[in-house]
Every structure is written in C-alpha cells, then in structure tokens.
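Going line by line, the protein sequences match chains A and B. Residues in the first sequence are numbered consecutively from 14, following the working numbering. Residues in the second sequence are numbered consecutively from 1351, following the working numbering.
Treat the hints with care, since some could be wrong.
Claimed, not checked - Taking lysine to any residue and the SDA-like style, the derived pairs with C-alpha atoms no more than 25 Å apart in a straight line are:
#	chain 1	residue 1	chain 2	residue 2
1	B	K1444	A	R403
2	B	K1519	A	R307
3	A	K314	A	V114
4	B	K1519	A	R204
5	A	K128	A	V114
6	B	K1526	A	D104
7	B	K1519	A	E108
8	A	K310	B	K1526
9	B	K1519	A	Y172
10	B	K1519	A	S120
11	B	K1519	A	H73
12	A	K314	B	V1556
Read the hints as simulated data drawn from the structure, not as lab findings. Predicted model only: the values in this text are computed from it and were never measured.
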Amino acid sequence: MDTARTSLSAVAGCSAVALGLALFATGCGTASLNSARSDFYTGNFQQAEEALSPEKLPRHDDVLFQLERGTIRQARGDYEGSSRDFIGAYDRLTELETFSVSQGAGSLVVNDTIKTFTGAPFERTLMHALTAQNHLSSGQWDNAAVEARRIIINLDEAYRGKYPDVPYARFMAGLALELIDDPSNAALQYRLANESLSRVEIHPDTGRLGVTRGTNEAPSRLSHLPVQAPSGWNDELIVMVQLGRAPRRGDYVSAGGHDQAPIYAEIYANGQYVGRTFPLDDVAYLRHRTEQVRALKETAKTVTRIAIKESIAQAVEHNNNELAGDLVRLVLIGLLEQPDTRSWETLPRWFQAARVPAPPDLTSYELVIKNVSGGELKRVTVSDPLQRRRNLWVSFYRDIPRR
Amino acid sequence: MNNTTHRALVVGLLLIAGLSLQTGCAAFRAQTSTVNVDTADPMSERFAFTDLRDITQSFATELSASPLIAKHDTAPIMMIAGVQNRTSAYLDTKNLTDRLRTLLFQTGAVQFVNEARREDLLREQGYQAAQATPETQAGIGQQLGAKYMISGSLTEMADRSPRQVRVSKTVRRYYKLTLEVTDLETGLLAWTSEREFAREARQPLVGW
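Throw the hints in and build the complete structure from the sequences for me.
The structure is reproduced here in structure tokens:
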C-alpha cells in the first residue's frame, strides 16, 4: 500500500514540476503575442500595441514582446516608441549573454521553450537595422550611425560564426555611415553586402544598386544613376521597401537566396519613373540558413534530453511500477517534448532598396508594387517618412499584407 | 517526527537565521545612496560619467592655458558646434560640451555665444521691440559674433576575447576624444588636442 502511495506521489510530483515549468515557460504571454500579431496583420495597430502593453510583458519572452511591439509602433509611425522597444530588447539581450544554468538544466528536462527568448542572430541584426530606420525616419543621423556600428559588430565573422550575413543590414549600415560623412566605412559595408548577393550588385563607392551580374552590362554602370535624371535633379532618393510576411520558425518556405524575390516596387518622382527596388534579403532564406547551422547542435541536445527523460521514466518504472513509468514517459516525452518555434513574426519577408535620382523640391513619391511579370499589385504615395541630409533623401515603406 | 529530525531542523533554521544576520538581508533590500562623483569608479568598460568629468576638466585646463587664448587681450568669443558621437553606444555628447563650456566659462578665459538659444533670443527681441518700454528694450543687431568654433568627435574601438570554451568574456574598449578650435574667419584650425583611454571588463558567461 505504502509503495503504491509513494509511486503515485513520485509520478504526481515529477509531472507537476515538469508541467509547472512548461506552463511557466508558455504563460499567458503567448496569447497576447498571437493576438497582437493577428491585429497587426489586419491593420489594427492600436489593438496590436495594446495587446503588448507593458504590464503584460513576461520576463521570459520580454525580448520577443519588445521586438513585436517595436515593429508595430514603427508601422504606426511612432519611431521614438519603436526605438525604445528595440533598444530595450538590445539591453536585455546584453544581460542574457550570461548562460543561465537553471534555464539550461530546465531545458534539458522539459524543452527549449523554457529558455528566455534571445532570437536568431539574423533577427538580432535586423533589430539594429530597424532601429537605424527609426532614427533615419526622424533625421537622427548620429543615432542611426550608432546602430550601424552595432550591425557591424553583430556581423563580424568572429562574432557571427557560421550564421548567414545580412546584406540588407550591411546596406543600412553603409547608408547611415555615408550620411555622417564616413565614406570609407560606408564603402566597406556596401562592398561586404555586395559579396553576399548573387544577382543584385551594389557599387561600393556610390551605394547604387542594379542587376549587372550575368548580364552584358559592366558593373561600372552603377557609378551612374540607373535613369537619366532631368536637368537640375542633383539629389538622390534612397527608398527602403519591406514587402510580404516573414515565415515563422518551423514553417517550410522555399527561398533561393538573399536577393531573390517575386515582387518589387517601381518609383515615380514628380510623375516620372526614376527606378526600381532591388531585393537585398529574404527572411525565409535567412531562417533556412540559420536552422541549418542550428540543426546539429539542436539534434544533439534533443537526443540528450530524450535520453534523460527516458532514464527518469525507467528509474520510476524500476523503483515503483510499470504504470508509473509509462505515465512519467507520457508527460515528459509525449506532452512536453515540443520544438521551440518562437520567432519574430511581424517581420516582413523581403527587404529591398532603391537609390534613384530625385528633384530638389521632393515632397512625396509614388511606389508601384509589381509582381515578377510586371503586373501591378498596389500603388501608394509616400510622403512620410521622408528626410533629407544635403543632397540625399531617405524614405521607408512597409507593405503589410492583409490576411 | 523523532528527536534527531527535530534537532536537525532546529539547527538548520538557526544556521539560516545566523547567515541572514551576517548579511543583514542587505542583498534582498532596495537601497539608495548618494555617490561622490569625484571618487566613483566606472561600473563597466563603457564611457562613463567619470570619464566625461575627467576629460572635460583636462581639456578646459589645457585650452584656457593655451597660446591661442594668451594671444588675445580680451577673452575670445567662441561657439560650440558639437561633438560627434562615433561610438556604438548612445551617448549624450551635448552633456560633454555643456560641461566643457561651463568649465571654460568659469576660468574667464573664454566668452561664449549661446548658439543653442538663438531662436529664443530672436523671439524675445521681437517681443521686446513690440511690447517693452524703449529704455529697457534689448538693442537689435548688437549681438557679438564668435571668432572661434569648438567641435570634435568621440571614437571607440573594441576588442573581445575570441569564441572558445570559457566561463567569462573579456571586453576591452578604447576611447579617443578629439577637440578642435577652428577660426571662423580663416577656416584654419587654431587649436586641437585629444584624450584617450582604454578600459577592460570581464563578465561571467555562466550564471544561475
């Protein structure tokens, strides 16, 4: 009788601890996140932001909360609030560089969702690129350059390891440095972005983009603007366009490379065609490459975790009875063995850029989003954000696909 | 519960109580104290307020005693264009130039125009011209122009220990602040100087 009671309490205790840890990990944060994402993709930015209000911020997923809220605020045009979130996420990530023994041990018994979310390396890099975008949108050139330097640190090969480079972030860093009159470092970033691309080419000295690889056109063509500008148009407009919806971690989406995209945008200034955008990054491709690097490490960890769980179940089985062992096995392996699919889901899928001639009195421009065969998908006029420093205009546009 | 278990429990509780008394529970209590800004140590390898204080003091001393100042019979008029932040951290470089201006002003060796408040000045002058009595009105077109412009840049270089099996990471940061004084008439550099320092910090990579 005593043995039966002991075995029952052992099973109950073990299961309760594991389930408790799992519940602690998921908490009520997931519901808020899902609600915010859903509101974001239906265009209800206000509700999306409210779903991620500070009092709902779970310590365990606080970085993810701030990343999602930063993107929502950026889409609303609240650049300062968005920067606060992204910078808050960066500060928290700095704290999280210390490996937590308790969370590491917990993740070996439960699953990886018990660990605090720190994001994939490319997500951390894009966080800086989007913060730089906020600063450029409000004309804070020096602050944008701070983020440029953080991008450079993140993408340093010694720090990045085998994870993929992020040419869009490099381009953003190059632009931010060019805007503060640091042409040599800007050129270095344009050149490094160029090295990761297979079709699109970036001229290191001018930051201009085009497709010259595999064509008869010489790369030197990029030293000139892609379209003959009307007389008196000595300014340049740099437009960063973000299209589509990033796949979630665990979703399978085919992607060919950083610079492959089935859509692009044409730009019209004062009614005249001045150029088009070129793809610099595809989040599906970045995620796929990241998962490849992670695969070996994570497979080894999963195998170890299942072995530990099986040992626990066998110990219970041996000391108590077979039923108790099976119950522990069911809880630890059957219920709790789940992959960590947390990811930054409000990210766009494609990051594109254009550098085109602009008139000196530019107040707005028109974007025409087209599919790969040239069919028009959408037409918008953009007047904000539109910032100018000397003869360079900078603008951004995020197209949020509705469900 | 038998006597032995009971005794062990009491001893355990006494030990915990003793340890708590030793530490005074300080680790579990919120605490606030005033820090002496002259003697405080930086808490990380990053540019800190102590660096801002030391560097501005040092620059102010050097500039006020420089031949550039000595060659003028009256204190030359300067304006501050700002210090460019070229580091990877958000730094309020206005704070740095504000302190430099205060220290230089206190030496009496330099005069400053208030370039940051120019718009407010013009607004107030306009108001006075319309509303104030003639004897108390600020004269229009009587402002003094600066002869020199102070500008500069703060740069940073960082080094970190390579990725390897380790329990702590070391970060070393080097900072250099360059200040320059430009003659607004000729565009020539009239004075320049720099301060540099490097700091190293080690942080644990494994924690509870």
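(message) Of the numbered hints stated earlier in the document, which are not met by this structure?
(response) Of the numbered hints given earlier, those the structure breaks are 4 and 8, listed in rising order.
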